[in-house]
Structures are given as C-alpha cells and as structure tokens.
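My request is simple: use the sequences and hints to build the entire structure.
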Amino acid sequence: MRISEAKTELLKEPEILGGMRPLMEQLYPICRSITGQGVRDTLEVIGSRIGLDMVAVPTGTQAFDWTVPKEWNVKGAYIKGPNGDTVVDFARLNLHLVNYSAPFRGVMSLSDLKPHLHSLPEHPDWVPYRTSYYSESWGFCLSHNQLQSLQDGSYEVVVDTSLGDGVLNYGEFLVRGETEREVLFSCHICHPSLGNDNLSGIAVATTLADMLTRMKTRLSYRFLFIPGTIGSIVWLSRNEEWASRIVHGLVLTCIGDAGGFTYKRSRRGDSLTDRYMEHALRRFGVPSQIQDFSPYGYDERQFCSPGFDLPVGCLMRTPHGCYPEYHTSADNLEFVKQQSLEESLRLCLDFIELAENDAVLVNQNPKCEPQLGRRGLYKAVGGQHRQQDFQMAVLWILNQSDGQHSLLDIAERSGIDFATIRHAAERLQDAELLRPAGRA
Amino acid sequence: MRISEAKTELLKEPEILGGMRPLMEQLYPICRSITGQGVRDTLEVIGSRIGLDMVAVPTGTQAFDWTVPKEWNVKGAYIKGPNGDTVVDFARLNLHLVNYSAPFRGVMSLSDLKPHLHSLPEHPDWVPYRTSYYSESWGFCLSHNQLQSLQDGSYEVVVDTSLGDGVLNYGEFLVRGETEREVLFSCHICHPSLGNDNLSGIAVATTLADMLTRMKTRLSYRFLFIPGTIGSIVWLSRNEEWASRIVHGLVLTCIGDAGGFTYKRSRRGDSLTDRYMEHALRRFGVPSQIQDFSPYGYDERQFCSPGFDLPVGCLMRTPHGCYPEYHTSADNLEFVKQQSLEESLRLCLDFIELAENDAVLVNQNPKCEPQLGRRGLYKAVGGQHRQQDFQMAVLWILNQSDGQHSLLDIAERSGIDFATIRHAAERLQDAELLRPAGRA
Amino acid sequence: MRISEAKTELLKEPEILGGMRPLMEQLYPICRSITGQGVRDTLEVIGSRIGLDMVAVPTGTQAFDWTVPKEWNVKGAYIKGPNGDTVVDFARLNLHLVNYSAPFRGVMSLSDLKPHLHSLPEHPDWVPYRTSYYSESWGFCLSHNQLQSLQDGSYEVVVDTSLGDGVLNYGEFLVRGETEREVLFSCHICHPSLGNDNLSGIAVATTLADMLTRMKTRLSYRFLFIPGTIGSIVWLSRNEEWASRIVHGLVLTCIGDAGGFTYKRSRRGDSLTDRYMEHALRRFGVPSQIQDFSPYGYDERQFCSPGFDLPVGCLMRTPHGCYPEYHTSADNLEFVKQQSLEESLRLCLDFIELAENDAVLVNQNPKCEPQLGRRGLYKAVGGQHRQQDFQMAVLWILNQSDGQHSLLDIAERSGIDFATIRHAAERLQDAELLRPAGRA
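Residue numbers (my numbering), protein chains in the order written: chain C, 1 to 440; chain E, 1 to 440; chain X, 1 to 440.
Misleading hints may appear alongside valid ones.
Said to hold, decoys possible - List time: in silico DSS-like cross-link candidates among lysine-lysine, alpha-carbon distance up to 27 Å:
no. : chain 1 : residue 1 : chain 2 : residue 2
1   : C       : Lys367    : E       : Lys70
2   : E       : Lys367    : X       : Lys70
3   : E       : Lys216    : E       : Lys7
4   : C       : Lys70     : X       : Lys367
5   : X       : Lys7      : X       : Lys216
6   : E       : Lys75     : E       : Lys114
7   : C       : Lys216    : C       : Lys12
No wet-lab data here; the hints were simulated from the structure.
This is the structure in structure tokens:
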C-alpha cells in the first residue's frame, strides 16, 4: 500500500538515513534544560528540517498540579583554582555545570567547594550529568580523576546563570492524514550534551516526521519535542480535550546504542499499540525484550496516568539506567551507532505500516468458501513458498473475517506474515469478496 | 444408560466389526469421482447396509458461489505403445486415468505424450492419484519405473469419457432420536481406489449408522456420504435453514492407518464437540494429537465457514499429506488396518456416549450436603477404588451442580472418569437429589 | 494501622503465646463427641478464656436435610479379661471406647468380642480413634500389641453410655467491628483426646478471639466451636439469613504439627479470602502448598455447598490423612509443636491485617502525576532500599488507583510488600491525593 512503497523509496534517498548523524552533531553542543535558550536553539535546528511549531508557555502557568517553572539561562560558569587557572569550565563541556544551577559568585576553600562538586568514583574519567530542578542550588560536575587532583587553596566560583520569569518551550508537528485519529511520537529535549538519552530519539523522530510528510497516510501523526515530565504535563493540560484522538503512541528514547530493543508496554498492556509493536519486534530480527508497564521511566508516565490512560508505550534499546554510560559524558555521539539509529527508524516504520494497514474486513460470501479458481485466486501464480502462504492467507482471511477479527488477529492466528495477509486481503477486496467493516 | 449397553451388545455381533473390511473390498474397485456412475454405485453399496437416501442435483444448479459441475463417466481409457501393446489401462487400475479427464483420442509421439503422464520419482513403484476438476484436460498416471521404460515411438491414446449435463449425487441418512438436535458425521466419497483416504471413513460411518439404528438415542444422527467440497457446499445450500440443528459434527477421514489419532478442532475451538472428542481421546489409550482449526483440509472447511460456523471437527489418524502413501496406489486396502478401523469406531462411540449423557443437572438440596447415609449413598457398597471414586463423584456432583456446570465439567474438574460421574448422577437422580436443568 | 500495632503489643504479652498449651492440656482429657457433656465441658473451658455463647439445639430438630441426633454420654466403659483384670478402660484413655458407642453389657468369648475391637497392625503401639455415628453399635480400640496378647476365655464388657433425647451444643463468639461484615473462623470440637486434629484449631481460634477483643477492627469476627458436619449444618440452618454477611472465612484444623502450611481454597477459588491467604503465605517464610477446593475435608464442605458458596477456605499444616498419627493416640499433645501453633496464629493475624487494610482507593489527581516534591513525598526521607520501595509504591498507587484496583492488586502487580503499599497509601491519603472508593 501507499506507505510501503513510499517507505522503500524514501529510504533509498541518502539524506534520509544519512541525515540523522549531522542533526545530532548540530544539536550535541547546545546546553538544553527544561527551559531556556538551549531549548529554543534545539527547536530551531529541528525546525530547519521539519516545519515545527514552537510553543511558549509563560512561567507560572498552571498545568494540572504543576506550575511552569522559571526560565533558566547560562552566560558562563567556571571554577578558577588557587593559581588562577580555570579548572572547570562550562564552555568546554556543558555537563560541567549542574543543570538549572542558580546564579552564584564567590571565593571559597576546597573543603567548602567540595559539597558542590560531583564525580563518579567508579568511572574516574567520566563527567556525570546532574540537575537541580525544583530546588535552587548550584554545583559542578567533573571527572573523579580531576577532583582528586585538586589542591587545597582558594577557589573562585562563577555561576553566571539567570533564573527568572520567561517561558517553557516545546515543539509540535502534525502530519495530517485522511482521518483525525492520531499516532503520537514523543521525545524529550531537556538533556544537554548527551547522545543516546536525548539526541537519538530526536534524530529518529525528526526523520520519521520528515518521511511522513512525503507519504499519504490514513492516520495523522503528531510529533512532540518536549522537556521531560513538565513538558508532557503542560502539553496534556493544553490538549486535554483532544488527547482522546491519540489511538497509538510511542515515547522514543535511548534508541541509538548498540543493544537490542526494549519495548515497555502502555498501561493498558494489550492496546493495539502494544500488539503492533510486539508483532513488529517479533518479525524484526533484532533481539528484543518486552517490559510490562511500570509508572517509572519517561513521559509515558504522564500519557498513561489514570486520567488519560492513553495507549502510549516506550521504545528503547538498552533501558535508562541499564548501561553505565547513562547520564555521563560517556553517553556521547560515539556511543550512538548509525546502524542502531537506522534499525530504530525502520522498526518505527514497520509499526506505522501495521497501524496504517490493519483493518477489520468482512467476508462478503460467508456461507462456504467462494469459488476461488474462477477469480484467479486459487493456485494463481507460480513462486513456491510465498505462493503457498498467499493461498493459505486467502483461506484464513475468508474464514476469520466475520467482523470480529482484524488482519493482525489473522496474521497472528495463522502464523503468516502480516504483509502477505495484507496483500491477500487486497486481492480479496479487488475480487469484492471482502469489504471494510471499519478500521482497527 | 441405553447407549452404553447397546454398544456393548452390538460390538459382540461379529458382522459389526467384521463387516467393515468386506464393505471396503466391495467399494475399492469402483471409479468414484465428484459426479458420475461411480458415485451412484458406491451409494448403492452403502445403501445395501443402511437405508440411505440418494440425492441427485442437476448440473448447473447454483449452490452459493458454486455451480454443480458436469457429470463425468468413463467407458474406458488406455495407452497403446509403439508395438501395439496396451501399456496403461484404466481397466487394470482406475488411478491410471487422471480423474475427471476430458474425452480424447489421438496418436502422438512419446515427447508429446509425456506432459500428460504423471509419476512419482521418489516412489518409483507407486501410481499417483491426480484429478483435473474445474479445468478440462486429460492425463494418465503410472509408476515412475514404467514411465522410464517407455520407448520412443508412436502412442495411441484413448480417453473414452464423457462430461455432460447430468447430476451430482450424495447419500444422506438420518437416525432419529428423541430430539431434533443432530450430530453430523460426514465423509467424502469422491476418491476412486484409495483405502485410507476415503474408504476408511465410509466403512466406519456406515457401521456407526447401522449401530445407531439399533439404539435408543436422545440426539438424532445424520450421516452424509458426499463428494468433497462441492458435496458439502451443495448440501449446505439445500439445508441452510436446518443446519443450526447440528449441535456436534465430525468429518471422518483417513481413520484406518496404523498411526495414532489426530483430532482437528472446529473453528470455535472450544465447542462441546471439541471437548467431548478431546475428553474421549485422553481416556482412549491410543496416542493422539490435537490440532487447532485451520481453513485447509476436508469438508470441515465448509461446515466451519463463518456464515455457518458449525461445531464440526475432523477426526483422522495420520493427517492427509503426512504419510507417503497419501494420494497414491499404495493407499490401498493393505494400508488400512482392521485394528485401526475398530479403534476409530469405538472412539466415535465414546464420543457419542459423551454427547448423549452429558447434562447440566441441578442439586435439589443445595444448602449443605444432604444426608447421604440414610439414602444408601454413603459408603454404600464394597469394592475398593471404584467405590471411593463413586463416593467422591457423589460429593463433587452435589457441590458443583448449581446449574453452571455440566457432568463433563465435573468429570474434568474432579479428575474422575465420566462414566463414574454419570453413574453417580443417575443414583442421585434416583434419590431425587438432582434434576435436569436442560441438556448440554 | 490499628491492628498492626495492637498485634505487635499483644504478642509481647506472655499469656498470649504461652496460653495455648495450657488450654490444650486442660481440654485434652475431656471425652468430646458430636453431642454430650464432653462438648459442654469443652465449651466451658473455652468460655473461661473468651465470653462464649453456648447454644443448645434439641435432639430431633430439623436442619436442612439432617436431624439433630441423640445426645451421647459416657459413665464408663471397660473390658475385663478371663482372670478378672480390666484389660481396656475408657477411664485410662477415652479413645479406647468407640466414640458414640451404644450402651451394652455382656460376657462373651474372645472370638465373639474381636469384631468389636479395633487396632492398627501397621502401628502396633498406637490406639486408633473410631466413631459409630449414625449407626447404633459399640466397640473398643486398643493397641495391636495388646490385642494380640489377649488370651482365649470369657470377657466381661461394660459400655455404660446413654443415647437419648438431649441437645447438640456449639459455641459462638462475635467480636464486633465497625461494620457488620464478618470474618468467620470455625473449628471442630467433636474429637476426644486428639491434639492436632481438634485442639490445635481450638487453641489458635481461642487465642485469636481473645486478641481481637482487644483491637479496634473494621470487620466483625465470628468464631464457631462446633461439632464437625452436623454442627456447621445446624449453625447454617439457624443463620441462613445472615450467612451472606460472611465476607471471609477460614476453617482451622490440624495447624499444630511440624509440617509446612496447606491452604485449601474456597469453592470460588479466587475469592478475596483465597487471595489474602495466598498472599500472606507467600510472604510468611514457611513452606506452603495451595490446594484447589474439593468437596471432601472439614466444615468448608458445608460453608461451600452451592446454596451458600461462602468464601471459606481451610487452613491446615499437614492435611488430614497425610500424617500417620492422624486419628490415633499418637496425635497427642507432644505431636503439637509450640512453634507451629505460634506460626499458625501469626499467619491468621497476617490474613486479618490484609482483610482489614485492603481497600480500593481513588487517585484524586488522576491527570498526570501530582507534584510530589512540594508535598514531601518525593525522595522524602533517607533509608535506602525501603525508601526506594516507598517511592515506587507512591507511583504505583497513583497510577493504578482508578477505582478498579485494590491495594492488594497494586501490591501484587508491583511486587512491593503490602505493608509498604499500605503505608504509602496512608501518606497519600494524608496528602489528600487518595480517597476511599469503598472497601475491598
């Protein structure tokens, strides 16, 4: 169908698969946080690829139980050592500054400074990523080796940040299909120089959005580029009425590392989103694991809160917290593999194909089998194994299409590939032996 | 109950078990097809055992999406070789002629003849069985050894058949029980000299029908002897209104070979037909496998089409296509074992006993256990293990007979033999502690 | 909550755990049966611990299908041997007399006497326990060694019992809670000098009742001390209207031996009673097995008869009939272990805590997660593992509390200890983020 061919064509264009890494390289140095200029810069880069709407919500706006926080911006931040050398500098790596640090200037001894310094003794070369959202404080992150090399003496600390009224920004992009029923793809954009945990999701989502604009689709596709937690809460509070249009959804995160896939089910656990993704994974040929929903993780927590209970799952490769590079400077662009990004993109496309093509069709000749031979549907063409699958697909579809079973149901019950089932269903529709009963 | 004793008595009569092989021997030489004199001859032989109705449906009659085909008859068919010898002759073995071959006469070279010749290289001594329904052509089947021994030269081909307006025949036999609810036994009669794939089912079905005429039954039993596919479609089209009377059904085919049993479930998968047959198989003491329904096989395809969805399963021993002799001259009367036929017959009787005796009964003293002692139902008789089963059966029946559980449910939950459950239920009915709630 | 602290305090009082054995020692010598003075003596001993109601139901009273039997009393019973020595004497061990023996006096030869003597050849030192309810006869039980040592000669038999109009007694004790919904604990009091099969249940039930009178509870607790079978039937016949108040129930029997726990499910199999007990057992740390309901055993047979179908299970350690000492003199007070009694008591208290504390609560902020930080519910306190459990418990409760899931559901789905879930639920109720929807 439309999407299958479009997909094949587009994946041949070099800028599609080849465009993900340059996008990540452009975004990597930007100091993102839940608010601030870094978020806007990020959304502009993404917007240069796809026609993004950048939304701005003022500080202090109520969003359900939450309030939009102050906007945070950084001019610079550094620590100078006893001999006047700059020992830690935000300009060199934005992870050095605890994200959302409150402004501070002062001179202090090493022992007074130390409570503000964070390192990772178990990975002495890596710089950790830390945040201080929702509690006004400041701090720096550095490698444990550097921390241990610091000499006693007087240190000058400059945290030239601002925390004040402003806005929270997020990006939103809708690809309109034939119907208003929406598939949501959401990724967070609040992590600074981190590759897998942020940029991988952004790169895949942006590329997907770009591809979908060039396809004809039945469903509409909504892409959210939002700061974690507060972003999804703000979006839901502003779209409460429309949220029920979302018939499927995926949070995309950590989808660039070398590990196999992890799919975390939606709260419902047996939604079509879950069934499509699990079906796609079984066929994909990359090791994968399925996790039941739990109320800890990414923005699926909000989409799956009981007042919404949307069919939104979370696609990852190695889950957050399960790889040592997580939330450290080692989660950099080298940690993200091109092959992994491409597989993640293709898997999302497989998912979309299922969502686009699944349907409940009704056998128009339900009493006994129809005479397939005179319609050219019986041992029609040559070609061995596939042909036998096609023949069995025809029989399975006719037998099961009583209005209670979708094409996916039939694919799963028969063990025949969904693509073959869909192809056979199209032939049967052409022969007027099947008619849509409504779409799944 | 009535059927159990009748069964035991009848199985002692030598002509019951001993009558199956002579019937098969009588039927074996007849050249059956989906239409023609061979079908009528076959039905007359069966009719000499049981009072069969032979139904005739004219060529061209519409049956749902199908049309009754032309009637096919054979006067003779042979190939004479370059030296004038008859090298292949229908009169010697009816499998030599491709079934439903169109008439033809001609002289041709071996190379022109060869596309019309069929053999089995992997079994060079066997003659294959081939048909050309629904495409007018002709052909011959022979052993691969013979095919390879044919010399170049001129061959005379005579296919003295006719394809013309006539009738499609099938046989139908109803054993009326106390109710109009029917159990269907169906077997196909369209295969010529093949033993397991045709005659085994006919022999067991005929014998069952014969036995049932001599029993008192609650349910009615309908036997169909029909050409495959078109026969069941024609029957369903003529009995559309009545088909819902069928409360259980079994297609009987390939039930004479030496393999274990195979039961293919009805489309519903959990119908009482399925539960009875699976229960009977678990108790029978012959290895068996259960297959889920699939829309490929015998006439259960039509009975289980979604517009009917009848509770009809298929009983086989080794399934079609799973033994090398399938659809070859090696599926002959030696391939069919007397012991296997007898086991298949007994299994069908066990199935019938379950269908006759299962019931939902209601405990008339549902509050606390009744005082069994004063009714002679507590440690009533001696006899060890069986007695303990009887005692537990009484308690299980009383506990579970709340109108929601059938005797089969109780047998399965308790792990007690159905016969013991049924016997205990009768004693409890005698004691007026149980009353039928309606029959299962 | 209230019960948890009360439980901890009470278990520290030495007379609680220490009072079980003295109670059993006091009860052990009494000759109990289904009726008679032994039952009254037993109920008076129990009544000296808790304020028991002793109910008396006259002989001949109808109870569903049953009739209250005659009252049985014993003045004495013995056998004198050929040389005038008393060889068997009820006064030495009440098991020597077949329980419910009809009065008899006579002199007879050993061979005439032997049919009235019962022994256990496989355990030659043990005296069996036998009854003759519902058939008027008499008999004596003795060790097999003693039986074999009896010399030929003339024996004088005296069975100085009476069987006449009187009453059937049982004891009933209700601890009223805030609601009229009741938890039933039932144990039988019809076995004479037997320890595990009778006294263990009585000791634990009496102690539980005593403890509950000193607690504040939401549910009411009813304790029945009844003769087996006829006692529960009589009780149900007199409380038919009220029986539906019973929301949980346990028959306590054989809960003092050294074996692991056995829980036999109620007829429903998935009642909250079953879920609470199975949850408690999984957490308890003593090996346990779960049995499905079967209509054989103790008074759960009556409570679970289809006309009542109450959620009443049966708690045992080694089940009846599965230990060789069962129904013999070897089931004495030494066979009952103090540690086992204590564990059984504690397990019942765990069960009660679940029944008291389980509830369906409703998230009052169901759209997105609430801001936990400003309520002190996010990384609130230190303390590692427990704290993480607490944090996850908060998230699980908020996510699942949609009115469809109880705290037990949430504990089971999340894998978090029920106590942690309950504690987190209380904190969330304090923060007005949860509100009861009705009690489970």
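Hints, one by one, checked against the model:
| no. | hint | verdict |
| --- | --- | --- |
| 1 | C/Lys367 x E/Lys70 | 23 Å, holds |
| 2 | E/Lys367 x X/Lys70 | 23 Å, holds |
| 3 | E/Lys216 x E/Lys7 | 11 Å, holds |
| 4 | C/Lys70 x X/Lys367 | 23 Å, holds |
| 5 | X/Lys7 x X/Lys216 | 11 Å, holds |
| 6 | E/Lys75 x E/Lys114 | 23 Å, holds |
| 7 | C/Lys216 x C/Lys12 | 18 Å, holds |
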